[in-house]
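Enquirer: Dock chains B and C against the given chain A, drawing on the hints supplied.
The primary structure of each chain is shown beneath.
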Amino acid sequence: MDKLREKAAALLADGTVTMVLGYEEGTNKPRPVFCHTAEQASKLVYSSQCINNLAVYLTKKEIMGTGKVAIIATIPTLRSILQLSVENQLNEDNLVVITVMDKDEVKQFANFAEIEAYIADFQLKLDGKEQEIINKLEGMSREERFKFWMEEMSHCFKCYACRAACPLCYCTKCIVEENRPQWINPWAAPLANMEWQINRAMHMAGRCTGCGACGDACPVGIPIHLLTRKMMEDLAPEFGFTPGQPSKNGNALSTWKADDKENFIR
Amino acid sequence: MTIDKITNEAPGVKTFKLKFQNEEEANAFNFKAGQFGEYSAFGEGESTFCIASSPTRKGYIECTFRETGKVTSGLADLEEGSTMGFRGPFGNTFPMDEWKGKSLVFIAGGIALPPMRCVIQNALDLRENFKDITIVYGAKSVNDLVYKDELKEWADRPDVNLVTTVDPGGETPDWKGEIGFVPSIVDKTAPSPENTIAIVCGPPIMIKFTFPVLEKLGFKDDQIYTTLENRMKCGVGKCGRCNVGKLYVCKDGPVFSKEQLNNIPAEEY
Amino acid sequence: METKYISKNGLNEWFSQIVKSGKRVYAPVEERGKVEFKKVQALSEVAEEYIQTTQSIKSAVFPRAEVLFSYEKENGQVKVDDFNPDTVKETVLWKVHPCDAAGFKPLTAIFNWDYTDKLYNAHLEKTTLVTFSCAKADKSCFCTSVNGGPGNTTGSDVLLTMLPDGGAIVEILTPKGEALVQLAASAFEKDKGEDKSKYLADVPLTFDLEEVRARLATAFDSPVWKEQSERCIGCGACAFVCPTCACFDIQEDAHGSKGKRIRCWDSCGFSLFTLHTSGHNPRAVQSQRWRQRILHKFSYMPDRLSVFGCTGCGRCSRACPVDMNILEHITSISKK
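Chains as they are written, first to last, in our numbering: chain A, 1 to 266; chain B, 1001 to 1269; chain C, 2001 to 2336.
FYI, nobody ran anything at the bench for these hints, they're computed from the structure.
Computed from a predicted structure; not experimentally measured.
Fair warning: there could be bad hints in the mix.
Ranges between beta-carbon positions, derived for each pair [as the list claims (entries may be wrong)]:
(1) C:2277 - A:138: 43 to 49 Å
(2) A:191 - C:2190: 51 to 57 Å
(3) B:1267 - A:138: 48 to 54 Å
(4) A:139 - C:2272: 38 to 44 Å
(5) A:233 - C:2030: 55 to 61 Å
(6) A:103 - B:1266: 35 to 41 Å
(7) C:2031 - A:2: 42 to 48 Å
(8) A:142 - B:1141: 47 to 53 Å
(9) A:242 - C:2218: 52 to 58 Å
(10) B:1030 - C:2116: 15 to 21 Å
(11) A:259 - C:2284: 51 to 57 Å
Think of the CB as a built atom: it goes at the ideal place given N, C-alpha and C, for glycine as much as any other residue.
If we strip away everything but chain A, and leave its shape as in the complex, we get (with noise of 0.2 Å):
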């Protein structure tokens, strides 16, 4: 941790970055932290149980101001800094990259493309658990995924938590907020969920890098993530992308090319 604490403390202290985004000790598990001083660089830490998607806050305006920010990234973290930047969301001037590689080695990136060649070497897996899930799915007929979905969907109560603690939900307004017309009924009801998690695993869909952090966060216990994972997967061989790497060739739903070949759009 120790050198990781200095690296923080020495772009604070000359002035390098106005604020390093971390981690710090939480109740049960590492939470996010915003170093402003080069003495708060003494509360990071940085583990395998750092789940939180830091990535999440790049696009906070009021969170980042205006100089330059540091953040210390984990892997799932990387495969969001590089969506964004493919989506335009982040300027890699005022953006310095760390991570924390075996035996408490800093490592820096000099630039987004560093970024690119280090986590292709690091494979996209799912825990135990989560395969078993996914594989349960996979046996089943459409009307028994469904209805999977829909008994998890009656648990949800709309609160959010998983479009807040995407990285990539970053749209100032949410099409859940749009009233005019009301495309998803804003109450929790077991269909009016079900309409707001298949729009977004929608909006996902070619974008989402699998970090898992929209089912991190819910509360209920809903294994949204791999609604996005899946779909994910699904769309990788179509569109041309790696999963868990940025979709170069744009997004699935939302890149038009003159010479498409579907006709449908002309």
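Expert: Relative to chain A, chains B and C alone:
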């Protein structure tokens, strides 16, 4: 309630005259100037507007609104004779009894004249209760002035001093009123603070610049009243939306004196 | 107020009589790795080893979505069908904790101050609370710091304190509780004189509530709000799991000429909560919304409604994706 009459006041602004659908309700209904209601467009939702007519005029109420969002667009689509919903009256009232014997200065901008019209009409209906009555009303342009017919009535009365103004650039060739923003016209009109109450209503920016003018003219904070706009839904102090500090705009307001406003955090409304 | 004893067998008997009477019984059930209130038919379904349910049981009196009225339009006229209190079913909330029962006090205050809410009261009237004292607590619990306690009776109709023999001390607190007990009167025995406090969890005091309230009265412009809320991501998890949060939205479920007006849960933490149609938003940044949450619960509500808006159940802290630990935040304010 039934929409008895629709008046197109200005581009996008309408006045509805509403009548009760049964006599019992009409007879039982009572309100005081300053109160508001929740008006329903069935199929769209509810919107909050003040009751823009005076309680001295029985049998009907009026509301004036600008077509801005989902509900107001739904209301704007309704025709005379159709039914819409009303919940109310809610909120507190202008303390007109306390103002007996005083002079009144009404200052309003644009679509903020409706919340004041109830108390203006109320004061004019009980004209002998008040000394001088001055009305300073301005809008972006001549076309944006609301209650055009009533403004003529007020202008013609010898016992009312009506000053209308439009923003520079909003005048027409035959405009005979003032040209200038409301705060500067208030300054020009220079109403005396002696035994006078000033009632101000308008967009936040107008209020921000009018208060200092009134202060300069010698008005104390307990002589200045306004009615606050806030996002409201239930209207009865339950849903939490209009909560400003300890107060609920729907219950403790919407009428507040400047003295009361000084005690609530300005950034919250 | 009467105290009795009930044996393990007596409890089983009483429970089955309650179910037989036709009342709906909601109790904590373990499912999907969480413990939540669900409708149950047998005592065996009820969860045993857990500290707290994820969600509160306020949904029994304040459902997450409920119909205020339905309407039908025809030829410019409208027919309205109002909420019918007779449709509310008799409900028993079994094995709520004292912090949950205490939560009904601020809820009732909100829904009854000045204007009385017909729907809330209709639900509450038909709801009986059977509360179980807490033998265990975790580090997110702080009921004792907010005028509560693991064996507190506030808001309960019957309070049970479990004993090592599988039976319980029964405190019958209200006429509703008495009526419920009467469903199996023979299952209850004379009070054995056990001291309840021996079986309660230890929940240490962490802050002085009145001290906090006094500090908050002058804390509006303090930088503490920005400091504490930096990591808040602005979801509604805390408000929705909270037993006392009651802010709601009113929405229209319109289908052509028919529709329903619906009341549903909302949160002051959402960015659009205070947004005016003009585009002006008085609470545009999260620090203002966090301040509102704390001031409302610990300053405005006690000033206005004479009741605090927090029962120390700790649910918000446990549910928060970024560990906005309310106990930590309030303790920090009390020490500033």
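Enquirer: Now tell me if each hint is right for this structure.
Expert: Here's how the hints hold up against the structure:
no.: 1; hint: C:2277 - A:138: 43 to 49 Å; verdict: holds, 47 Å
no.: 2; hint: A:191 - C:2190: 51 to 57 Å; verdict: holds, 53 Å
no.: 3; hint: B:1267 - A:138: 48 to 54 Å; verdict: holds, 53 Å
no.: 4; hint: A:139 - C:2272: 38 to 44 Å; verdict: holds, 41 Å
no.: 5; hint: A:233 - C:2030: 55 to 61 Å; verdict: violated, 31 Å
no.: 6; hint: A:103 - B:1266: 35 to 41 Å; verdict: violated, 54 Å
no.: 7; hint: C:2031 - A:2: 42 to 48 Å; verdict: holds, 44 Å
no.: 8; hint: A:142 - B:1141: 47 to 53 Å; verdict: violated, 60 Å
no.: 9; hint: A:242 - C:2218: 52 to 58 Å; verdict: holds, 56 Å
no.: 10; hint: B:1030 - C:2116: 15 to 21 Å; verdict: holds, 20 Å
no.: 11; hint: A:259 - C:2284: 51 to 57 Å; verdict: violated, 43 Å
Hints 5, 6, 8 and 11 from the list above are not met by this structure, while the remaining hints are.
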